[in-house]
Amino acid sequence: MVVLLAVCCLPAGSAVAQAPAFTVGNYHVESSTRVGRTEFEYTIRAEVENGGPAARVVAATVLSSSPNTIILDNSLSFGDVPANARRTSSDTFRIRQNRLEAFDPSALQWNITFLPDFAISMVEPAPGALFNRFAVRVRGTANNPPSSVVINGAIAALEGNEFSATVTLREGNNPVTAVATDGQGAVATASVQVTVDTTPPRVTIDSPRDGAVLSEPRVTVAGLVNDIVVGTVGPEQAQVQVNGRPAQVANRTFVVMDVPLSEGLNTITAFARDPAGNTDTRSINVTYSTAAAARIRVVSGDGQSGPIGEWLPQPLVVQATDVDGNPCVDKKVIFKVIQNDGVITDGATTAQALIVRTDVNGFAEVSFRLGTRAGMGNNQVSAKIVGFEGEAMFCASSTVSTPALLVLDAGNNQVGVVGQPLPRLLGVIVVDAGNNRLPDIPITFSVKEGGGSFYGESSVTVNSDSNGRATALLTLGAFPGNDNNEVEANFPGNIGFPVIVVASGQIPGDPAETSVSGVVLDNSDVPVPGALCRLVGQPDAVLSDENGYFQIKPAPVGAVRLVVDGATVTRPGAWVWLQFDLVNIAGQDNTIGRPIRLMPMDLDHAVFVDDTHGGTITLPEAPGFSLTIAPNSVSFPDGSRSGFVSATIVHPDKMPDPPEFGQQPRFLITIQPANALFDPPAPMCMPNLDGLPPGQKTEMYSYDHDLGAFVAIGTGTVSEDGALICTDPGVGIVKAGWHCGGDPTVSTPVTPVAVHVSRTSLATLSARGSPGPPGVPAYEWTTEQTLGTHFPQIPAAYNSQADPNMIQLGTLGASGAPAPGGLARVKVSYKCQNGQTAQDRLDVAAFGVSAYIVPDESDSLRADGSCGTITIAGVTYSGQITDPSGITGTFCRAFLRNVTLNGTGRALDGRLIKYVSGGANPDNATFTVVPDVRGSCNTPVVAGGTVARDPAIIPCGGIIDLQGVGAGLIANDVGPAIQGWRIDYFAGFGRAAVAGWVNRVVMGACNPPTASCPGYRP
Amino acid sequence: MRTLLVLSLTLSMLGVESCNSANAISSEGVLIRNSELWWCVLGPSPVELQLTFDGLPKSLPKWDERGLRAAYIATRLPLDSDCSVAYCGVWRYGQTNISLYPVFSVGSNEVQYVTSIADFWWVNNSVIAVVGHIHPSASALELLSADDGRILLSQVGLGFLISPDARHVVHFGEVPHFVSAESKRGSVVVDGKTVFGGELEPIAYEMISNLAASVTFSEVAFLARAREDPQHVEVVIADLSGVKNRFALPTLGEVRSGKVVFSGEGGGLIVVELGAEAWSVGGNLLTPKRLSRPSIERSRQVAPERVHRGLEENAQTSAVALRPKRAEAAE
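Respectively, the protein sequence lines represent chains A and B. Per my numbering, the first sequence runs over residues 1 to 1018. Per my numbering, the second sequence runs over residues 1 to 331.
Certain hints may be false.
Per the computed footprint, the stretches of chain B lying under chain A, defined by three or more beta-carbons under 8 Å from a beta-carbon of chain A, are [as the list claims (entries may be wrong)]:
no. : segment
1   : 116–130
2   : 136–147
3   : 187–199
4   : 235–242
Please keep in mind that the hints were generated in silico from the structure rather than gathered at the bench. Since the model is a prediction, treat every value here as computed from it, not as a measurement. Ideal Cβ positions, reconstructed from N, Cα and C, are used throughout, including at glycine.
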């Protein structure tokens, strides 16, 4: 091998950090030819090895330093050669060699030319970077000077190998992609994913109270810190300082012990910062007084901690003293739990508020059982004596307990490509008895059905993160089906239910056939026509039709965002908009898996907000609901600061997207216009339909349209009378959208109710629900969204309690009616023994089937062999025609009339006679002899194998199975008489082929399935 | 009193059962059950009356407009004695016997070209139309008298429009199926006479569709597209004597999905819709006039209510035919 200098083709002055180092060798003789007594010509292929960075368009020319080796053809091409890789030449070179002398490879001197590889990289921002601003500077570098760089649509400034631009991002996750081109036309790209978070955290101080008079020189400061995050707020999500002292943060709460006070008025300031750099500050004033006064002070018990729901080891003790500092005996001390849902006891009574009398030393004490929500300083008890200055405050922290519940968080009911990973992770959350998220719990995901895998294994164990969340990515099994992949998630020692997650596998088809469809309904299942449905970034938009149905086709494959905008809805009212994230599968009709619930705004109860006006929204149909909006607090999506804000109740089973954290909220509200921002957050109260106990803390959730997911916005507390859940101070609606609250559902099994309907034959459907018996399952079958006339029907009666539940489909026109069939969406609803329901659906088609034939001349013969007659449109044809135009021989006139009617016929001698021109009368017509019979698609028709159909229903070349007619029938004929769900079955030659034929309407299934002609599975 | 007497007599002679609500018959209707014709009479005491007992396979039960006669199609008898493709059965109110009229019937030495029944309806109270299926490109029509079963008219083609008095029939002409595209020439036939296309035109029209007739059937209009000029769609207006006028529309719209309607404004004005566009043609217009959407709605006229347009009927009429309300007065 010979190592040679490589010559790059860059313009003069261009710099290359490291030149590729090429070695040409490994010669392979492709052919040889004797051209003289001792001389041969060789055609040789060679290999190049690149010991340096990647290079493009590598080529070489060769010289020989040996008189015995003459170069005849001196060039080779290697194409692009990656770094440290070998490539064989795409062509050959030729030499003439004297065979008396040995070939010396070292005599070949190679000169290499190449273009340097073109690559770019991002310098800033770093992957995963967080910003609290929308304008972000992007900087990168290329290995060669680029000629142009475009970053997220912005043209970058160029300086040598470096490029930079300032791009505008949007709230939430953003891809930043740079596309660079060099002078030779090579294109390179680089991307990073960054997040914009302009929403500041919210910090409030619960203890001590603003304006409190304190009698101790140090105080415990506790409060809430909130931010809009998917999980909870801990030290990773927010840092808090109080008067410059770092606070302990956990589960949206913080505490700082022993904050020093000066005598007199003190300002206590809490400062919070989130990872994006957004900050918030809250201050209160307290007075430290040493003046003579009757006081109540903390003696002991403050600052303790323990697991949720446990009694603290030390009692909470206060002392009452008079103006001289002497103990006050028999004073009534009012102990009251003011934060969290803990209880206190004096040994006789346990409650959230008690009166305890001071003893001879002025002491009074209670024992304190912590509440169920974990946090720092979030269990607070106040102690007061009427007429005494100030109050004594106790703060205690509660830690999480042992795992008690596993709840589904995300990823259920996904649809993916068979054998491919699902679009989204499967997520579960493990919580304790107080619904506090537990980190570091091993969660095992196991494949139960469908043959899928987790990273090549049938199960995987993942420790829960700081949000109690464990995720795993399921790769679907090899077979398509509805909910045919089942995964169980569980943790060791779980005494509750495991979480069951199901997913469906589909086989991708022609990308050009990809579509997105849906049905837009209101809260009462009434179709919403005229909704503008579009995919973000795509030019075409469609309106939902009178049935609320829409289909966007073609649609891109992969991740898309579907926007359903009610601004164009034709029904009265002002309608909201919604958006959904989907991952489209090629060739499939992709849906969100449920109706799209669009509702008009409730303008009757809206409030107008501007710089000077605010108000409180209440709803007569939801007593207790209130949303309080401060003046000058709303930024509307169009950038204005004035407008109407409305709230509308959403039926709980018709929420637009299932909330995470295992919630099944009974109260859901939509606040419009979506994406309006509230600063400060708008406090909200809602009916406590979940029946949570008084004082309990629970998470409040909002659907964040930017993140495409429900996010926790902070905590709410159940009112003392248990009637309401109200957002805690500092917590409220930050961004308009869908909102709910509550704990993970524990009253019903964690196992989701599911039903799977399958087509066991062309006319039989079977539904199986889970969980199944014991119990009394109930199935309800309905049809909807029918097209055509004689669409498949469900039977009027069936055993709704059988499991699996099977029905036999029929059609209205099944009794010999020749009418077209139709398309039906058969829907099954499964109600299991606990009252929960699930739905599944299947599209099925029915076809009206007739038959057609090619006429056979034998049908025209009488018993004696003479020609019979045919009468068509009142004209009778009989006798014979000899040598009609175009063909020779004698034929029955009736037969030839049948040929002009049908186009082709089979003569007695077996010839296939085809009509060419001249009209219906065979005496004037011209014929020809053809080798086969061809239909309108100009393809040969096959008896018992060809059908004519409407190409709008079954595309050309499609295969269809027809109940009672045949399977694998080829759709390669058409005709104007066959429209809609009609099939004409080519039976063969002569009337014998259709003897006894009766038209019918039967079930059909197509392969490949289409929207208008489904297969056995949707 | 007379009606009650007849009905009582009928009930006594027929099998009587309670109406089965599972059949979802929302008003008085005739239906086929177990190959027999039944009538479900709703009221305070709903009953089902079995009207036929012959065991022949039946389909498409339909009342006439008065609700005094119900007809249906019965498929061939086991013994094909008179070489019929099917029979039209007619049940008359108050009578127990059924009239069975053969359709597409031929003599024993003739060739039958219809393979099955494709459609069937009452043209008026005394004429029944039956469409026979030939192949994917053509059908056959027979009009028969409901009184005696006489065949009044026989035609071959597609898309039959029949005037309410059954005196006029307009349809697309016969087109062979198993031929090359060059051999297919579309045509329009009015009362048996080709008025457009076929051998009348120097070029072949590969697509003729959306046939519409004026209320009086004095004019017909349709869309046509020549094979040699696929860039244009023609609106053709014809009467019994031939083509009267034709307009070329500047559109590539799918012809078959279009719509042609004789305008309610009269004067021979015709509204043509193709895709999202619409034009007004005919009348006094020299060239097609593009219409705005409100104009379309304003000028639209419902097609003559008794003109049958082939296989477009409501599904319910095929399996269960509801009895016209006006029948009560007739009784």
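Cross-check of the supplied hints:
no., hint, result
1, 116–130, "holds (count 4)"
2, 136–147, "holds (count 5)"
3, 187–199, "holds (count 3)"
4, 235–242, "violated (count 0)"
Checked against the numbered hints above, the structure violates only hint 4.
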